[in-house]
Amino acid sequence: NAGVTQTPKFRVLKTGQSMTLLCAQDMNHEYMYWYRQDPGMGLRLIHYSVGEGTTAKGEVPDGYNVSRLKKQNFLLGLESAAPSQTSVYFCASSLLPPGQGHGETQYFGPGTRLLVL
Amino acid sequence: RKEVEQDPGPFNVPEGATVAFNCTYSNSASQSFFWYRQDCRKEPKLLMSVYSSGNEDGRFTAQLNRASQYISLLIRDSKLSDSATYLCVVNTRPSSYKLIFGSGTRLLVRP
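Note that the protein sequences, when read in sequence, are chains U and G.
Each residue of the first sequence is one higher than the last, beginning at -4 in the numbering used here.
Each residue of the second sequence is one higher than the last, beginning at 4 in the numbering used here.
Note that these hints are calculated values from the structure, not bench results.
In this text the structure is predicted, and so the values were computed from the model without any measurement.
Do not take every clue at face value.
With a cut-off of at most 30 Å between alpha-carbon atoms, the simulated DSSO-like pairs for lysine-lysine come out as follows [to be verified]:
(1) Lys45/G / Lys65/U
(2) Lys52/U / Lys101/G
(3) Lys5/G / Lys52/U
(4) Lys52/U / Lys65/U
One-sided excerpt, in silico: chain U residues whose CB lies under 10 Å from chain G [said to hold, decoys possible]:
(5) Tyr26
(6) Glu54
(7) Gly58
(8) Tyr59
(9) Phe85
(10) Gly94
(11) Arg108
Which chain U residues face chain G? A few, computed with CB under 10 Å, are given here [stated by the list, open to error]:
(12) Gly11
(13) Tyr28
(14) Tyr30
(15) Pro34
(16) Gly35
(17) Met36
(18) Arg39
(19) Leu40
(20) Val45
(21) Gly48
(22) Pro93
(23) Gln95
(24) Thr100
(25) Tyr102
(26) Phe103
Note that beta-carbon positions come from the ideal geometry of N, C-alpha and C, so glycine has one too.
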């Protein structure tokens, strides 16, 4: 039981390049989330998914796209990377959404450090 | 004003000390409250949920004060392994999937 895994762990991009971050969870969770964490700021929600085939915008969705073709995977894409997207990206999953009781705990992956030059 | 505010610290305390952190939130309709712990360059992990009646888990006690809109975390008998950043997390609206994370309070426990 690996929990939540993310690939890659670290990546350097040039401005304008594209890439996809992969998140996988083996806990059969319905809800999945992508966050970014920047120095001095709390984690901010980029996009989330409430089940296979669904996606929705979070707090800071611009410049990112997501897909949830399989329940266990949630992909985050950067079509044209910008230096402002330099950050640490965390994926998370939960059995239930926030406010629904014990299953609302979000389990995080180890993160992807992205540097855009 | 930030939706969730925390003192960034660092709080530098000796082993065995008792330390408390507060976190204020701006939305009075907030429903769920949590403390997450994040070690340096690692992912956040749930430390404890915060219930209206307050709750305790070993050396950790969390309290919620809805009237003043803050939550607190008390750590007794601090251990070196408690050194980390503690994130205050709030679910701001009913049926919202959005958790608001504070920027964290850093704790350093020295020998």
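To see whether the hints hold, each was checked on the structure:
1. Lys45/G / Lys65/U: The hint holds at about 26 Å.
2. Lys52/U / Lys101/G: holds, 10 Å
3. Lys5/G / Lys52/U: holds, 20 Å
4. Lys52/U / Lys65/U: holds, 18 Å
5. Tyr26: At 7 Å from the nearest chain G Cβ, Tyr26/U passes the 10 Å test, so the hint holds.
6. Glu54: holds, 7 Å
7. Gly58: It is violated, given that the least Cβ distance between Gly58/U and chain G is near 19 Å, above 10 Å.
8. Tyr59: violated, 16 Å
9. Phe85: Hint on Phe85/U: holds, closest Cβ of chain G at ~6 Å, below 10 Å.
10. Gly94: Constraint on Gly94/U satisfied, holds at 5 Å.
11. Arg108: holds, 8 Å
12. Gly11: violated, 28 Å
13. Tyr28: Since the shortest Cβ distance to chain G is 8 Å, the answer is holds.
14. Tyr30: holds, 8 Å
15. Pro34: With Cβ-Cβ at 9 Å, under 10 Å, it holds.
16. Gly35: holds, 6 Å
17. Met36: Holds - the Cβ of Met36/U comes within 10 Å of chain G, reaching about 6 Å at its closest.
18. Arg39: Because about 8 Å separates Arg39/U from the closest Cβ in chain G, which is inside the 10 Å limit, the hint holds.
19. Leu40: holds, 6 Å
20. Val45: holds, 7 Å
21. Gly48: Given a least distance of 16 Å, the restraint on Gly48/U is violated.
22. Pro93: Holds, because the Cβ-Cβ distance from Pro93/U to chain G comes to roughly 4 Å (cut-off 10 Å).
23. Gln95: Since chain G brings a Cβ to about 9 Å from Gln95/U, closer than 10 Å, the hint holds.
24. Thr100: With a closest approach of 5 Å, the Thr100/U hint holds.
25. Tyr102: holds, 8 Å
26. Phe103: holds, 4 Å
In this structure, the hints that do not hold are numbers 7, 8, 12 and 21, in rising order.
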